[in-house]
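The whole structure should be built from the sequences, with the hints applied where relevant.
First to last, the sequence lines map onto chains A and B. Under the working numbering, the residues of the first sequence are numbered -17 to 152, in order. Under the working numbering, the residues of the second sequence are numbered 15 to 255, in order.
Careful: at least some of the hints might be erroneous.
Said to hold, decoys possible - Distance windows between CB atoms, simulated: (1) A:L41 to B:G72: 44 to 54 Å; (2) A:T119 to B:L34: 55 to 65 Å; (3) A:R13 to B:L19: 41 to 51 Å; (4) B:P119 to A:Q88: 29 to 39 Å; (5) B:Q247 to A:A31: 42 to 52 Å; (6) A:T59 to B:W182: 38 to 48 Å.
Everything labelled a hint here was simulated from the structure, so no lab data went into it. As the structure is a prediction and not an experimental result, all values here were calculated from the model. Idealized CB from N, CA, C, for every residue including glycine.
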Amino acid sequence: MVSRYGGGVITVASSSPDQLSPVAPPAIKSRARRRNLVVLVVVALSVVALLTQGLLGSLNYFKTVDEALAQRHLLGTKVIRLEGLVAPHTISRTSSGASFFLTGLQGKVFVVAHGTPPQLFRASIPVVVVGHFLSSTSSSFDGTQIMVKHSSTYIAKHPKRVKAPNGSVR
Amino acid sequence: MTKKLGRLALGPASLGLLALTFWLGYFVTPPDQVQGELVRLLYIHPAVAWVALYVSFGTATIASALYLWPRTRSEALDRIAASAVEVSLFFIALTLISGSIWGRPAWGVWWAWDARLTSTAILGVFALGYLALRRANDDREQRARRAAVFCILTAINVPIIHFSVLWWKTLHQGASVLSSNRSIKVHGSMGLTLLLSFIAFTLTFFWLLRARYRIEVIRDEKLQRSLATSIEQRRTEVSGA
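Right, here's the structure in full:
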C-alpha cells in the first residue's frame, strides 16, 4: 500500500490494522553511520589540534636551569621556558619589569624579565620564565613572561592568631 | 525508603554543605602563607576537578561497562552513563574556568599548554563527542552500545590527566588529593574545609545526576506515549479506510 503524507511517499507493508511497522529503514541506518563518522572525525581533529598546540610541542612544559645550561650551545637564542628558584635578595625591579637570579641544583642564570611580574612573584619561589639566552655561551636570559609555579602545600599565614572574645583577631 | 530519602534529602544536603563550604572557605579559614587570599579557590577548584574527572567520568565508565556486559545490560545503565557524562561536561567546564581564574593571579597566565591542562581540555572534547555521538544515532540499542564503547575508550584519558603532573614537567602543581605518598599538605581548618568541599561537590554531582536521569526517564515515557498515540491514530485511519 502506498500513501502520501506531507509531500513524501510512505510504503506501508499491509493494509491490515495489525501490521503497521515501516518496511524499509536502511536509509536511516546509513545516515546514522555517516553522522557517526562525522562526529568521530571532528573529535579526532579537535584532539589532534589540542595535542599539536599543547602536549606534543611541550610534553615537558619547561627546562630546568641545569638542563638549559647543559644544552645552552644547542638552544642558542631559541625561545624556551626556563624553570628555577628565584634566588633570595637578588630581585631588582626595573622600569620594564624585574631582574633576578634563577637557580637550579647546580647552576644559576641571570634573568632580565620584561612586563609586570605576577602577583605571587617573590624570592625563594619556583618560577617559569619564557624567553631566550642572549647567546649560546651566555648565562644571561632575556625573559618576556614570568609564571609562578606554586606548590600544593597550603599553610596558614598566621597560624597562631587567635580570636578575642570581642571578635578582634590578635 | 532509600529512594524517597534520596529524592528528599539529596538536594537540601548538597546545598547545605555547599553553603557551609563557602562560609568556611571565605570567612573562617585563614589566608595562605604564599597565596594569601587566593587560597580560597582551593575550596572550589580541586573538588570540582575531582567530580569532573573521577566521580562523574568514573560513574559513566562503570555504567557503560555494565551496559556492555550482557548480564547487566539495561536501559537504566545507559541513561546513567549519558546523564553522568552530561553532568561531567558541566564540571569539566567549571574546572577549566575556576582553574583559569586561579591561574591568572597565581601563575600570571589564564592558560598554559601544559600536560595537565591540555589533557583536561581533551577530556572536555571527549565528553562533547560522547553527547554528539548519542545524537547521531536514532536506534536506541546501537546508540547505547556505541556510546558505551566510546566512553570506555575515552576514559583512558583520566589516568593520563591524573599522572600527567608526575610523568611530565608541568606548570600545574602536583596532585594534592591522591599524591604518591598519600599526604595532603594543607593546614588544619583549611584541610577540613577542603575535605568538606569534596563531599559537598560529590553530593551535588549525585543530585544533578539524579535530576538529569529523571528528565531522561520522563522524556522516554513521553516518547513512548506519543508513539502509542500515533500507532493508535494510524490504526484508526487504516480501519476507517
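Quiz item: CB of Q247 of chain B to CB of A31 of chain A, is that within 42 to 52 Å?
Solution: 49 Å Cβ-Cβ, so the 42 to 52 Å window holds.
Exercise. Please test the hint of 44 to 54 Å on the beta carbon pair from L41 of chain A and G72 of chain B.
Key: violated (26 Å)
Quiz item: For the pair R13 of chain A and L19 of chain B, does the Cβ-Cβ distance stay inside 41 to 51 Å?
Solution: holds (45 Å)
Quiz item: Is the distance from the Cβ of T59 of chain A to the Cβ of W182 of chain B consistent with 38 to 48 Å?
Solution: violated (25 Å)
Exercise. Starting from the hint 55 to 65 Å, judge whether the C-beta atoms of T119 of chain A and L34 of chain B obey it.
Key: holds (59 Å)
Quiz item: Is 29 to 39 Å right for how far apart the beta carbons of P119 of chain B and Q88 of chain A are?
Solution: holds (32 Å)
The structure is inconsistent with the numbered hints 1, 6, although it conforms to all the rest.
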